[in-house]
Amino acid sequence: MNYRKIFLNGITKENPVFRLLLGMCPTLAVTTSATNGIGMGLAATFVLVGSNLVISLIKGFIPEKIRIPSFIVVIATFVTVVQLIMQAFIPSLYESLGLFIPLIVVNCIILQRAEAFASKNKPFASIIDGLGMGLGFTLAITLLASVRELIGNGTLFGLQIMGAAYQPALIFILAPGGFIALGLILALLNLVSAKE
Amino acid sequence: MRKYLELPLKLFLITFILGLILGVTYIYTKEPIALQTAAKLQESRNEAYPGCEFTEVDEALWREFVTEDGEYVKEVFEAQKDGQFAGYVVTVLSKGYGGDVELIIGIDTEGLITNVVVGSHNETAGLGANAVKPEFRNQFQGKKSAVLKKDEPDNAEAVDGLTGATITSRAVTRGINKALGLVEKLMEAQG
Amino acid sequence: MEGVQNIVMIVISAALVNNFVLSRFLGICPFLGMSKKIETAIGMSAAVTFVMALASVFTWIVQKLLLQPLWLVKFGVAADKVPDLMYLQTIAFILVIAALVQFVEMLIQKTNPSLYSALGVYLPLITTNCAVLGVVLINMQSEFTLVESLFNGVGAALGFSIALILFAGVRERLDDADIPKPFKGFPIALISAGLLSIAFMAFQGLAG
Amino acid sequence: MLNNILAAAGVIGALGLIFGVLLALASKFFAVEVNPLIGQVREALPGANCGACGYPGCDGFAKAVAEGSAQINGCPVCTSEQVENLGKIMGVETEGVEPLVAVVRCQGTIENASLKYVYEGITNCAAASQLADGYKACKYACLGLGNCAKVCPVDAITIVDNVAQIDRDKCIACGKCAAECPRGIIGLVPVSAATIIKCRATAKGAEVRNACKVGCIGCGICAKVCPMGAIEMVNDLPVIDYDKCTNCGICAEKCPRECISYDETKRRMAVIDEEKCVGCTMCKKACSYDAIEGELKQKHKVDPEKCVGCEACVSKCPVDAITMQPNEKK
Chain A
1 MNYRKIFLNG ITKENPVFRL LLGMCPTLAV TTSATNGIGM GLAATFVLVG
51 SNLVISLIKG FIPEKIRIPS FIVVIATFVT VVQLIMQAFI PSLYESLGLF
101 IPLIVVNCII LQRAEAFASK NKPFASIIDG LGMGLGFTLA ITLLASVREL
151 IGNGTLFGLQ IMGAAYQPAL IFILAPGGFI ALGLILALLN LVSAKE
Chain B
1 MRKYLELPLK LFLITFILGL ILGVTYIYTK EPIALQTAAK LQESRNEAYP
51 GCEFTEVDEA LWREFVTEDG EYVKEVFEAQ KDGQFAGYVV TVLSKGYGGD
101 VELIIGIDTE GLITNVVVGS HNETAGLGAN AVKPEFRNQF QGKKSAVLKK
151 DEPDNAEAVD GLTGATITSR AVTRGINKAL GLVEKLMEAQ G
Chain C
1 MEGVQNIVMI VISAALVNNF VLSRFLGICP FLGMSKKIET AIGMSAAVTF
51 VMALASVFTW IVQKLLLQPL WLVKFGVAAD KVPDLMYLQT IAFILVIAAL
101 VQFVEMLIQK TNPSLYSALG VYLPLITTNC AVLGVVLINM QSEFTLVESL
151 FNGVGAALGF SIALILFAGV RERLDDADIP KPFKGFPIAL ISAGLLSIAF
201 MAFQGLAG
Chain D
1 MLNNILAAAG VIGALGLIFG VLLALASKFF AVEVNPLIGQ VREALPGANC
51 GACGYPGCDG FAKAVAEGSA QINGCPVCTS EQVENLGKIM GVETEGVEPL
101 VAVVRCQGTI ENASLKYVYE GITNCAAASQ LADGYKACKY ACLGLGNCAK
151 VCPVDAITIV DNVAQIDRDK CIACGKCAAE CPRGIIGLVP VSAATIIKCR
201 ATAKGAEVRN ACKVGCIGCG ICAKVCPMGA IEMVNDLPVI DYDKCTNCGI
251 CAEKCPRECI SYDETKRRMA VIDEEKCVGC TMCKKACSYD AIEGELKQKH
301 KVDPEKCVGC EACVSKCPVD AITMQPNEKK
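Chains as they are written, first to last, in our numbering: chain A, 1 to 196; chain B, 1 to 191; chain C, 1 to 208; chain D, 1 to 330.
Here chain A stands alone, though its shape is the one from the complex (with noise of 0.2 Å):
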């Protein structure tokens, strides 16, 4: 049980963005700009460690027939938990983060994590794995977000970087840009790792 190998395992070999390719409606929805990039990445670690652990202490209670609603239902309730947690008690983390949270229920990786992961490991092991997991998702959307962001926008984390004269391509904030930029890095990353 090599944690490290697990850990690197969500950033390179089984990146969920990259490699799996799952996670694909918040990638895609939120990625318009590098902070929600990092916000949602930030979230969605947090839920995904959250869960991967909850899940791992009581799989031996779940029979197998009914693991998908059991599965499914934790991590919601995980999610509504830290929503209203956040809301009351830390509102300006909220005010950044809050928006990005009910999406994360409908984000694919987290289940797969419980079911491919989670559901078959221990509790530390699954730990390492969610936030590997999480790191991936993290490092993955936001660089596809500045991507976006730049040549859509002209703006980098806000800040003005493109000239005045730059003409935004604003094609690549909205949605259709996201399936090509998404679609130019795996390309770019295919070359990369058919270098070495």
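Treat the hints with care, since some could be wrong.
[Unchecked claim] Below are the DSS-like pairs computed for lysine-lysine, each with C-alpha atoms no more than 25 Å apart in a straight line:
#: 1; chain 1: B; residue 1: 74; chain 2: C; residue 2: 64
#: 2; chain 1: D; residue 1: 170; chain 2: A; residue 2: 13
#: 3; chain 1: B; residue 1: 40; chain 2: B; residue 2: 74
#: 4; chain 1: C; residue 1: 36; chain 2: D; residue 2: 150
#: 5; chain 1: B; residue 1: 74; chain 2: A; residue 2: 59
#: 6; chain 1: D; residue 1: 299; chain 2: D; residue 2: 284
#: 7; chain 1: C; residue 1: 110; chain 2: D; residue 2: 150
#: 8; chain 1: A; residue 1: 195; chain 2: C; residue 2: 184
#: 9; chain 1: C; residue 1: 181; chain 2: D; residue 2: 170
#: 10; chain 1: C; residue 1: 64; chain 2: C; residue 2: 74
#: 11; chain 1: D; residue 1: 170; chain 2: C; residue 2: 184
Hints in this document: simulated from the structure, not taken from any laboratory.
Based on the hints, put chains B, C and D in the right spot on chain A.
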């Protein structure tokens, strides 16, 4: 037979416990959330009409002035500036691209817009969401009506819409005009 | 007559105008995952249609019966005493969808094992499929009646299936096309999905 | 305050209960009666889901084997241990089946084969071969557009300068590539076979000569020269009967067009153990290639040049002095 009893019982147990957890968190977070939202609303009202105290106008007084179709008027506040009646702040929910856009609009006694604040919305980030930016909202200050240059190019009061987010821009102008219409009727009624 | 016309409008707007995959960008994971072969695409669309239609009905019932229990007022419970359970909406709907998906999984496993192994990991993923939850939440937001929500669900599923099968056709053609090495597989699929969604933007004008 | 919490828990709990009952009923009606034997058989199978056994994937085959409607050696992909293992599970005696491997019977690379036209259509052999029988002058040649590579479940096939090459170790002999190839160039031969005819051209010699430098012109020398008579000319194309072939490689040496590939390491020869041999000359009489020298009561010796590895002498030796060893002649 036991095997088929196990499924419903275990699922019931899981969902019941989770329901309990949810119920408890909801109760303990209910007041703080209410406080937060009230504070936020108060803040946006101040921004809409700086330097005033606000008292809510009873819904029965203004409900009949509001036409049912189009935008939904959520609440109306009377604004007093150091004791003097100075106008109204109206909260309107209008249908944007991604759902409702909450607008808090301050209107002074002459029926001019003091300021427009965008509350909760889920317009597309980078497009409709730019309605929150001051460059767009401040254009309405001191105007008697809200019109887009795109719709009435030659109208002196027309403002620039949001690039690539016409639906949101129109939602904002419709909301403001609705508030202006209501305040105008309220002023007449008050006489 | 007016009712039927309204229903047709709902179905068309759900299937084409704001197509769930190509305009609202919901349900992309199975859309990309399941579009390698047309048979699996059809299998998946059937499963999603089944889940979406039933989910629309069940969630409407749950919403009216449990989350906004106005009928309690008839039984003498004072209006303000009725507990406000709206915050449970997400979890209740997800529970309904998950149970339906588990049901469909058993159904397919029994009736069509080869389709079951072809769908594989993507069958449980329908549960977290944003499209299904999206449909159900939109049904509630636009206060549809039971029949309207059902047709909205069917329309959305129709839209999902059209997009999925269309895309599966495109991807099968892609396998034979002469594509530069790094673009093979998912990258070229993503780019063609982007172009497909630009095409679907044209429907925006239909009922803009 | 309390009733709110209970209401929440009650609602979600009630939903859980209702769906629990629904799923319980569903699992009762949709119970898939799983015969435990199928599971075991399924584990023992290679799991390539290639369909070479004629059943829909390994699950289908496992089901058929468990119900006894399929032979346990019905899966060409299984190694002999796997077949034995299956035998143990099913309690059935197994007779060994020679594992196979797929081979490409064409060497029409860019240098060897001349082209008819330059092809720039979609990379699909079936499509290319419909266009005036493919872009190579020889209409039996491999077009190297990779249909076989795409269909191979274990990615054992790569296209090397325009001709498919099969990696013998990876190949599981599922036969999908043979079925897919529009030219029927890929054949299944026993793994132990050393000589493979690397051409499928049944055209007359002249036509083959200007189409390809290494095409088989149907001269028949290999058939004449084969000591075991294992090669038979079928419409100007040699066909090897691998039961008779003893990997001696003479046909490959004699072929003027070098279109028979030969694997040296598989050549074998008889070797007489010096201590055991009693010089009874039984082996010398049995050898029809007079590859064994030695007088009565003298130690006998096998000449590597002449021995074709037919194993005829091995069974004849009364003292079991003869064993088959790799033959490193030349």
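Checked hints:
1. B:74 to C:64: 24 Å, holds
2. D:170 to A:13: 24 Å, holds
3. B:40 to B:74: 16 Å, holds
4. C:36 to D:150: With a Cα-Cα distance of about 14 Å, the restraint between residue 36 of chain C and residue 150 of chain D holds, given a limit of 25 Å.
5. B:74 to A:59: 47 Å, violated
6. D:299 to D:284: Cα-Cα ~11 Å, so holds.
7. C:110 to D:150: It is violated: about 31 Å lies between the C-alpha atoms, which goes past 25 Å.
8. A:195 to C:184: 15 Å, holds
9. C:181 to D:170: Holds, at roughly 23 Å.
10. C:64 to C:74: 14 Å, holds
11. D:170 to C:184: 23 Å, holds
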